[in-house]
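Engineer: Working from the sequences, and respecting the hints, build out all of it.
Chains as they are written, first to last, in our numbering: chain L, 1 to 550; chain B, 1001 to 1136.
Just so you know, these hints were derived from the structure itself, not from any lab.
Since the structure is predicted, the reported quantities are computational estimates derived from the model, not experimental observations.
Label pairs and their in silico Cβ distance ranges:
(1) L:E442 with B:S1047: 36 to 42 Å
(2) L:D87 with B:S1002: 31 to 37 Å
(3) L:K36 with B:P1076: 51 to 57 Å
To be clear about the criterion: a stretch of chain L counts as covered by chain B if any three or more of its residues have a C-beta under 8 Å from a C-beta of chain B, and this derived list gives those stretches:
(4) 66-80
(5) 112-119
(6) 132-140
(7) 189-200
(8) 209-219
(9) 329-337
Selected chain L positions facing chain B (Cβ under 7 Å, derived; list incomplete):
(10) A61
(11) P156
(12) A157
(13) L158
(14) P166
(15) P169
(16) E346
(17) P367
(18) M368
(19) W387
(20) H392
(21) F399
C-beta atoms are modelled at their ideal positions from N, C-alpha and C, and glycine is treated no differently.
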Amino acid sequence: MLPIQRRSERRFESADVAVVGAGASGSVVSARLAEKGFRVVCIEQGGWSTPADYLSDQPEAELAWVERWNPDPNIRRGTADYPLTGDAEVRPVMFNGVGGGLVQWAAMWQPMLPSDFRTKTLDGVGEDWPISWRDLAGCYNRVARDMSVSGLVGDPALPELSYPNPPMPIGKIGMAAARGMDELGWHWWPGANAIASRRHGHLQACQRRGTCMTGCPENAKATPSLTHWPKALSDGVQLITEARAREIPLDSQGRARGVVYFDKEGMERLQPAQVVVLAANAVGSARLLLLSSSGRFPDGLANSTGLVGRRLMQHPYQTVVAVLADDLESWQGPWGQSIYSLEFAETRPECDFVRGAKWMVMPHGGPMFAVGEHQAAHGDLGFDGLWGEAFHRAVENIFGHSFTWGIQTEDLPEDHNRVVLDPEVTDSSGLPAARVEYELSENTRSMLSFNVSRAVEAAEAAGATETIVSGVWPTGIGHVLGTTPMGDDPDSSVVDRWCRTHDVSNLYVVDGGVFPSGGSANPTATILANALRVADRLIATRRQQEAAAA
Amino acid sequence: MSADSLQRATLAKLADVLIPGSGKMPAASSAGVAGELLNRCLSAAPSLEEPLLALLEAAERCEHSAFARDLATRSPEDFAVLSTVVVGAYYLSEQVRDLIGYPGQVPSPLSIAGEPEYLPMLERVYERHEGYRSAE
Ligand SMILES: Cc1cc2nc3c(=O)[nH]c(=O)nc-3n(C[C@H](O)[C@H](O)[C@H](O)COP(=O)(O)OP(=O)(O)OC[C@H]3O[C@@H](n4cnc5c(N)ncnc54)[C@H](O)[C@@H]3O)c2cc1C
Ligand code: SF4
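Structural biologist: What follows is the structure, encoded as structure tokens:
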């Protein structure tokens, strides 16, 4: 238990703001509002994770991924997890607990491009955001400071940003990949990561263990239990852990009364609040809104458009592993991005698809991961091609001699990609599971195929003697977006530009669900910047906020 | 970990089908995958134990090479349990790690002092890039 937890025992009768979810966005909103004197109660279905819970500093680090620290809740099956059903082509992954996905994230820090906010105007697809890059610029820099981001400013492919720490070394893997990009004349830049390259804020300096995605044992990777919660708790936020929200009830005027949740003993409780903020991620918030149907909202709360749960986006992902003769020490961390490329992030007239992909170079982890990737890609080699002598040959070839280009694509918001309530399966509280329906579009397939071919070229230009191309990852990469899109028009969006639901005047959504379109950047920098922007707005308009009848 | 000696002997034989000795590399059984390393592997990933014991029981009276091959085609999920245990335990062995030059995910303090080697390449990125697509 974190010692600081004891300080938050104070109970509020009615909170100014009840936040559901202590993940990425919920942590930012809770901390910022409490700093300005709001009485905040945050309800989180999971508990705390600390370095003592990880296996990252033990030889078993790779085995953590098999089950306990696998990002797929259906494999992990922790007490805080709820089942994800359905046979989606890409199934979301997430972490449920204080910090949310940022307990396990790779910490790649990638603000979106200005054009990502205007896909409809510029390319005739997706949806424009009601806000622009400029509206987030200041918040991008503030959250980068709070998250101790290390990066190199000056990338000509992005507007000007600031990072509080110098970039991490790109390592031998980054140098090798960069040489390939240099040869081809393509864009690349040293990766920015929310990992401290030197002691900064609440973080220690990174020790390059490379276990970032199974939990950083050195407290060097930004995660809300380090970056936000100590201050939030001392500013008086009441964080109720192991508490699962089940409904947002309304008063007779149609305003949110608070949050009904099951506490850790399974008792149902109502936390009254003047304002309710959902930060349960694009799956969890949509699920909670759908669970909160009523006579007034028979299809789910704030769902007069029928859009709640729809337009799920996940950045479908493939990898190209470049195998070189050189010694690349490719197990060394961080397991964030060594370098990235935005060469193919924009629409190109010569392509048969619109929008684009972001690429990033990563290490391969330990030998189990290195050989696992090879085996997954080469199932066609049969038993003798993968095991026996072939196993040793593959390890000798790949281990320590390769780097991975990860290719994440912008998938467009499509109504049929959605989260619904499962009619049969329930979670441990008896609430319907989230059923996910998700199909890749032709646009995404073409984009993946084009980018994979280019990444093979980039690998070869870097000197690869062999490339290993994965299929589309059937479990996602933790990027869950859409489902409660933001927009000015109440007929075609769920929340307005301040992330307040069009239908319920004191109900907000601040997680990745509010993205009207997803760009191809790793989304967390934008989720956090937007959450901070919304918190600032709540602070500025405190007096005007309509609240539920007492 | 409740595997008995017969089950461990079966695992050792199956493991050697997957990872036989080769050159300097030891076979899985001689690296110790059916001994203490198995215990460590299963305590890190306890959900593997039950399906592993079930498949070891099924393999006891079979010819091990044929069993492993058949499992890989007939039941990929069970084969994944077997291969995860074998590969996972194999790379817990200090001897194996030394032989492939893997220190483990150990700390290795980074240095951010000095000018990065990549700067000349980065200058070229800067020179050739047309800038981002503007959008208000
Ligand atoms: C393995 C992995 C690697 C990733 N790497 C990167 C990366 O490198 N860069 C990047 O930008 N992004 C990365 N991501 C994505 C990143 O984690 C997410 O973008 C981010 O966490 C989403 O923030 P959020 O606020 O929308 O929701 P989350 O952080 O998912 O938080 C939602 C919280 O709500 C809680 N909750 C849900 N339902 C309820 C309920 N009914 N009652 C109470 N609590 C509830 C959950 O337990 C959870 O804690 C990664 C994700 C994963 C899983
Ligand atoms: S590489 Fe750095 S951030 Fe990642 S786990 Fe190691 S110390 Fe933590």
